[in-house]
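Starting from the structure of chain A, add chain B where the hints point.
Okay, here's what each chain looks like letter by letter:
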Amino acid sequence: MKKLLIYLKDYKKETVCAPLFKMLEATFELFVPLVMAAIIDKGIKEGAVSYVLQMGLLLIALGLIGLVCSITAQYFAAKAAVGFATGLKHALFEHIQGLSFTEIDTLGTSTMITRMTSDVNQVQNGVNMVLRLFLRSPFIVFGAMIMAFTIDVKAALIFVVTIPLLSAVVFGIMMITMPMYRKVQAGLDTVLGATRENLTGARVIRAFNKEEEETRQFEKKNESLTELQLFVGKISALTNPVTYIIINAATILLLYTGAIRVNEGTITQGQVVALVNYMSQILIELVKLANLIITITKALACANRIESIFEIQSSMTWEQPPCVAKEPVHDLEEPPYAVEFEHVHLTYAGAGAESLSDIDIQVRKGQTVGIIGGTGSGKSSLVNMIPRFYDATCGTVRIDGKNVKNYSMEELRQKVGVVLQKAVLFAGTIRENLLWGSEDATEEELWQALATAQAKEFVESKEGKLDAVVAQAGRNLSGGQKQRLTIARALVGNPQILILDDSASALDYATDAALRKALRELPGETTVFIVSQRASSIQHADQIIVLDDGMMVGCGTHEDLLQNCEVYQEIYYSQYPKTESV
Amino acid sequence: MTDKTGQRQTLGKVLHYIKKYWFYLAASILMATVTVALTLYLPILTGRVIDLVIGKGQVDYTGVFEILKKMAVIIALTAAAQWIMNVCNNKMTYRIVQDIRNEAFRRIEILPLKYIDAHSYGEVVSRVIADVDQFADGLLMGFTQFFTGVITILGTLGFMLSVNVAITGVVVLVTPLSFFVAGFIAKKTFTMFKLQSETRGEQTALIEEMIGNQKVVQAFSHEDEALEEFDEINGRLQDCSLRAIFFSSITNPSTRFVNNLVYAGVAVTGAVYAIRGGISVGQLSCFLTYANQYTKPFNEISGVVTELQNALACAARIFALIEEEPQVPEKPDAAVLHDVEGKVDLENVDFSYVPEKQLITDFNLSVQPGQRVAIVGPTGCGKTTVINLLMRFYDVNQGKISVDGADIREVTRKSLRANYGMVLQETWLKAGTIRDNIVMGKPEATEEEIIAAAKASHAHSFIKRLPQGYDTLIGEDGGSLSQGQKQLLCITRVMLCLPPMLILDEATSSIDTRTEIRIQQAFATMMKGRTSFIVAHRLSTIREADVILVMKDGNIIEQGSHETLLARKGFYAKLYESQFAS
Numbered sequence: 018m019k020k021l022l023i024y025l026k027d028y029k030k031e032t033v034c035a036p037l038f039k040m041l042e043a044t045f046e047l048f049v050p051l052v053m054a055a056i057i058d059k060g061i062k063e064g065a066v067s068y069v070l071q072m073g074l075l076l077i078a079l080g081l082i083g084l085v086c087s088i089t090a091q092y093f094a095a096k097a098a099v100g101f102a103t104g105l106k107h108a109l110f111e112h113i114q115g116l117s118f119t120e121i122d123t124l125g126t127s128t129m130i131t132r133m134t135s136d137v138n139q140v141q142n143g144v145n146m147v148l149r150l151f152l153r154s155p156f157i158v159f160g161a162m163i164m165a166f167t168i169d170v171k172a173a174l175i176f177v178v179t180i181p182l183l184s185a186v187v188f189g190i191m192m193i194t195m196p197m198y199r200k201v202q203a204g205l206d207t208v209l210g211a212t213r214e215n216l217t218g219a220r221v222i223r224a225f226n227k228e229e230e231e232t233r234q235f236e237k238k239n240e241s242l243t244e245l246q247l248f249v250g251k252i253s254a255l256t257n258p259v260t261y262i263i264i265n266a267a268t269i270l271l272l273y274t275g276a277i278r279v280n281e282g283t284i285t286q287g288q289v290v291a292l293v294n295y296m297s298q299i300l301i302e303l304v305k306l307a308n309l310i311i312t313i314t315k316a317l318a319c320a321n322r323i324e325s326i327f328e329i330q331s332s333m334t335w336e337q338p339p340c341v342a343k344e345p346v347h348d349l350e351e352p353p354y355a356v357e358f359e360h361v362h363l364t365y366a367g368a369g370a371e372s373l374s375d376i377d378i379q380v381r382k383g384q385t386v387g388i389i390g391g392t393g394s395g396k397s398s399l400v401n402m403i404p405r406f407y408d409a410t411c412g413t414v415r416i417d418g419k420n421v422k423n424y425s426m427e428e429l430r431q432k433v434g435v436v437l438q439k440a441v442l443f444a445g446t447i448r449e450n451l452l453w454g455s456e457d458a459t460e461e462e463l464w465q466a467l468a469t470a471q472a473k474e475f476v477e478s479k480e481g482k483l484d485a486v487v488a489q490a491g492r493n494l495s496g497g498q499k500q501r502l503t504i505a506r507a508l509v510g511n512p513q514i515l516i517l518d519d520s521a522s523a524l525d526y527a528t529d530a531a532l533r534k535a536l537r538e539l540p541g542e543t544t545v546f547i548v549s550q551r552a553s554s555i556q557h558a559d560q561i562i563v564l565d566d567g568m569m570v571g572c573g574t575h576e577d578l579l580q581n582c583e584v585y586q587e588i589y590y591s592q593y594p595k596t597e598s599v
Numbered sequence: 297m298t299d300k301t302g303q304r305q306t307l308g309k310v311l312h313y314i315k316k317y318w319f320y321l322a323a324s325i326l327m328a329t330v331t332v333a334l335t336l337y338l339p340i341l342t343g344r345v346i347d348l349v350i351g352k353g354q355v356d357y358t359g360v361f362e363i364l365k366k367m368a369v370i371i372a373l374t375a376a377a378q379w380i381m382n383v384c385n386n387k388m389t390y391r392i393v394q395d396i397r398n399e400a401f402r403r404i405e406i407l408p409l410k411y412i413d414a415h416s417y418g419e420v421v422s423r424v425i426a427d428v429d430q431f432a433d434g435l436l437m438g439f440t441q442f443f444t445g446v447i448t449i450l451g452t453l454g455f456m457l458s459v460n461v462a463i464t465g466v467v468v469l470v471t472p473l474s475f476f477v478a479g480f481i482a483k484k485t486f487t488m489f490k491l492q493s494e495t496r497g498e499q500t501a502l503i504e505e506m507i508g509n510q511k512v513v514q515a516f517s518h519e520d521e522a523l524e525e526f527d528e529i530n531g532r533l534q535d536c537s538l539r540a541i542f543f544s545s546i547t548n549p550s551t552r553f554v555n556n557l558v559y560a561g562v563a564v565t566g567a568v569y570a571i572r573g574g575i576s577v578g579q580l581s582c583f584l585t586y587a588n589q590y591t592k593p594f595n596e597i598s599g600v601v602t603e604l605q606n607a608l609a610c611a612a613r614i615f616a617l618i619e620e621e622p623q624v625p626e627k628p629d630a631a632v633l634h635d636v637e638g639k640v641d642l643e644n645v646d647f648s649y650v651p652e653k654q655l656i657t658d659f660n661l662s663v664q665p666g667q668r669v670a671i672v673g674p675t676g677c678g679k680t681t682v683i684n685l686l687m688r689f690y691d692v693n694q695g696k697i698s699v700d701g702a703d704i705r706e707v708t709r710k711s712l713r714a715n716y717g718m719v720l721q722e723t724w725l726k727a728g729t730i731r732d733n734i735v736m737g738k739p740e741a742t743e744e745e746i747i748a749a750a751k752a753s754h755a756h757s758f759i760k761r762l763p764q765g766y767d768t769l770i771g772e773d774g775g776s777l778s779q780g781q782k783q784l785l786c787i788t789r790v791m792l793c794l795p796p797m798l799i800l801d802e803a804t805s806s807i808d809t810r811t812e813i814r815i816q817q818a819f820a821t822m823m824k825g826r827t828s829f830i831v832a833h834r835l836s837t838i839r840e841a842d843v844i845l846v847m848k849d850g851n852i853i854e855q856g857s858h859e860t861l862l863a864r865k866g867f868y869a870k871l872y873e874s875q876f877a878s
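Chains A and B supply the protein sequences, listed in that same order.
For reference, each letter of the first sequence is one residue, going 18 to 599 in this note's numbering.
For reference, each letter of the second sequence is one residue, going 297 to 878 in this note's numbering.
Chain A on its own, in the form it takes in the complex (with noise of 0.2 Å):
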């Protein structure tokens, strides 16, 4: 919680102003019975009618500024909460942003996605809460009691004493409460794994005729969540009645102090009613305290998950980018390989095995490589280490003879464009989508990406054309379409090196055939990988690199392949039988 502190720091007045205003409010109301006592005592007493009209206006008064005061308070406090959350989303998304393909990948997108929303959402309410009652609530219990000292020691010492005792039983309730509350939140979370369970798998289940069992299982589940409900109800529900015992224990002890010391006339019948008014408040107060301390605790729970996000760091740094517009061409030779892999080895964080071993590649300019093997054969893994997605555990990456950890990340990913497996796009129009690989496309660039990518057809049947609309994620579209979309938006930004990470899979041959043809026919040399599990999608690349269980287990022609890698055979006569390829 402490480094998300630093976001209240520009709203430092209403920080300080909100709990203020509101402590001044409570002390008004700490007037009340004072006044109360003085009608009783004077006003009843002496028959001084004029004189409780008098109080009668203070007791609005106070109330009026009271008002005054917490509308104030609530002001500042909304201010602070809010202008707080804003500057933490802000920040949170700037540094999610930041951070690198290995961290989404341990802390997973939705994760992330809650932080954003619903935590800090509850952080906010939590600031606001704090800001409001924190002060306020042991202000009045404090100021209560200091209020009953000021009327009589004796009668104050019972203060003394149910005070403590309050707070333990309330607080000590909730202590014992809250961690059986996560439990009933983990067991709800069974549920409802359970029913979404039920909803995806309902073919399956159907199929099998688990539709009884699975009842039988989720009514077991959604049992022991309400016996677990209903025993830290019970403990939960003693808080009421405890605390009312002591309260009103307190109330009698305080009466019958209270008459021995107006029997011995040191205190007035007015200000024994006073004293007894005092400890109601305490009695509010604590139970809004109580109330108060559930949401803290919600909101300290959240702001330590946000601070988790926080506190990972990316773990690859990037060369700052040149602040000369260009360094000159040092070597004037140009160098011998696009792309170069050097002795490289690839572990993923927290996996046990490697993904990649002992990847030896050199990629002349211009190339198409295809890559070829078996699922988790380390074939994205490879393609997803030329636009540094990912560093290698040990050895080098190259593009054009240069690491590729001594680039910036705008040059490089400039020089590098993806088409990664999952097409994905985004709600607006296919125009911004497409904006997306270089800001700066013309309309004539757009076409030609798209005619390139085997995408101009359908674009022009659209109404709008370019400037139709694609829903969020892409949902107005079919798979094929996105997939020629993606590769659209890669293509627009001229990249030198292109990457299709099976990224024509939901194309028919046809297609697919004509978009490979109309790549090879690209203008300059673009350097081209084509990640696939069809061999007819990489046969003709001018290298083939065959990968089976993180290692390089071939790599040359199609031709030389079939003759000496016994994977690649495999892979291809699968697909093409013997008897049909003669």
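Read the hints as simulated data drawn from the structure, not as lab findings.
The beta carbon of each residue, even a glycine, is placed where N, CA and C say it ideally should be.
List of simulated lysine-lysine pairs, BS3-like, C-alpha gap at most 25 Å:
hint : chain 1 : residue 1 : chain 2 : residue 2
1    : B       : K710      : B       : K696
2    : B       : K653      : A       : K479
3    : B       : K824      : B       : K738
4    : A       : K251      : B       : K315
5    : A       : K439      : B       : K511
6    : B       : K387      : A       : K200
7    : B       : K387      : A       : K237
8    : B       : K870      : A       : K473
9    : B       : K870      : A       : K534
10   : A       : K473      : B       : K848
11   : B       : K352      : A       : K62
12   : B       : K696      : B       : K639
13   : B       : K387      : A       : K238
14   : A       : K432      : B       : K511
15   : B       : K511      : A       : K422
16   : B       : K511      : A       : K419
17   : A       : K237      : B       : K315
18   : B       : K738      : A       : K238
19   : B       : K710      : A       : K237
20   : A       : K237      : B       : K738
Partial selection, computed: residues in chain B whose CB lies under 10 Å from chain A:
hint : residue
21   : G351
22   : Y357
23   : F361
24   : Y390
25   : G418
26   : D429
27   : Q499
28   : M506
29   : N509
30   : V513
31   : Q514
32   : H518
33   : G561
Just chain B now, with coordinates in the frame of chain A:
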């Protein structure tokens, strides 16, 4: 108007659930009455004590003691009654919630697939979890606060009237002001809250898009633009949140101010009456306590009413799910399919998901035991429709489907589905161990049988390598397993029980070729001598099929063997040309 009747109907249904727990409800109401009556009696006793403590030497000790003793007993009784009431409320609420959840789940298990396919899982889950929770909160709050609130108001009114009519008049006249103020503010802030939640929704959508697809954002160095967009929304949210939070937080100080007015009014009129000798000081102090107590439930009840309305709205959503039309119930005399040979006939079948879009019209097919049927067509042509009909996930609109001559609507779903083995491309695994997943179709399987099945489906070797082998826990939907491994597990699941008819979905791109070979081999083992329907992507499968169904746009447009279809030179021939003849 319809809204009101709808609410009344929902309320009626809620009462139906409560009926089972009438005992707790009765106990709760009884205890609430006792609690309130005793709580209200206490200030009267306090007042009497005060009246006995008039001044120096004017204290009636015996009288004071008598009353204090009485107070002690009453306090103990009140606390006990309070606790019993709380426990009863808890029990009733959580049991009702449990019943509703169970019922909802049972309904999910018998809902037609049509409903499940048409609704987002998240929405249904949120009904069963979040809505029920909110309903429970509202119900609990209603029970605990509404009853006691109403009884307190009535009780206080009675007690006050019995002491003094005029002062009561002051209380009754001024209190509604706080209602009025609260209502006024609520109305004013409604639009602000609406704007806030809209803006918040906009922000959440952006967060989901950008953080959810962060890899793409990073691949295109789009972070700055995303942050810019985020900040713009964030700024707007800050403005409208501040307004919404501030204006709504005026409510509390305002109603508190009205309470202070009531207090002052009672103090002044009470004091004037006391001077005239109409009431005693003790009665005045009692009145002041009542004045505080009387206004509190009003404020609470206004909160409770919104909460209850909200709870009813949630309840209505849950009931909508619970009352959703279940799948067509089984005929009472439905036969049980056994010793199935595997003859499947489709006669004059018409089918469509929505009436406006007719899909399959007058379709006929006769499959002999042991025959293989391949279903082919481009992606998205509706191949799963056939599976939906065969498994009776959906019913045909016209015509009939029969197995071994029996209309599948005339036999039990259970026995029909038990005779099919289904492996879908969209694998689904439940959270649990590997073993749990394998034995879904045959819970009584022995260890040997399980391992034999896993070996037959080539899954044994990878399962063995998992940390806990067959007892490895996998998360919801397979968790860390690769797509291929998940599919192998799904095959093992079917392999274990091996029913006489099979529905298989051949893998496309998500699986690598070598795993695919294993899957093919497993498929081949399973298909021997069994009637099989295969959604096919591979040439060899298609060529070996006895019948090929060619689908396009959801309709079956051609059927026949490979040769006859080729000879027809129709859609199949074109498809074949584009995909396989390279």
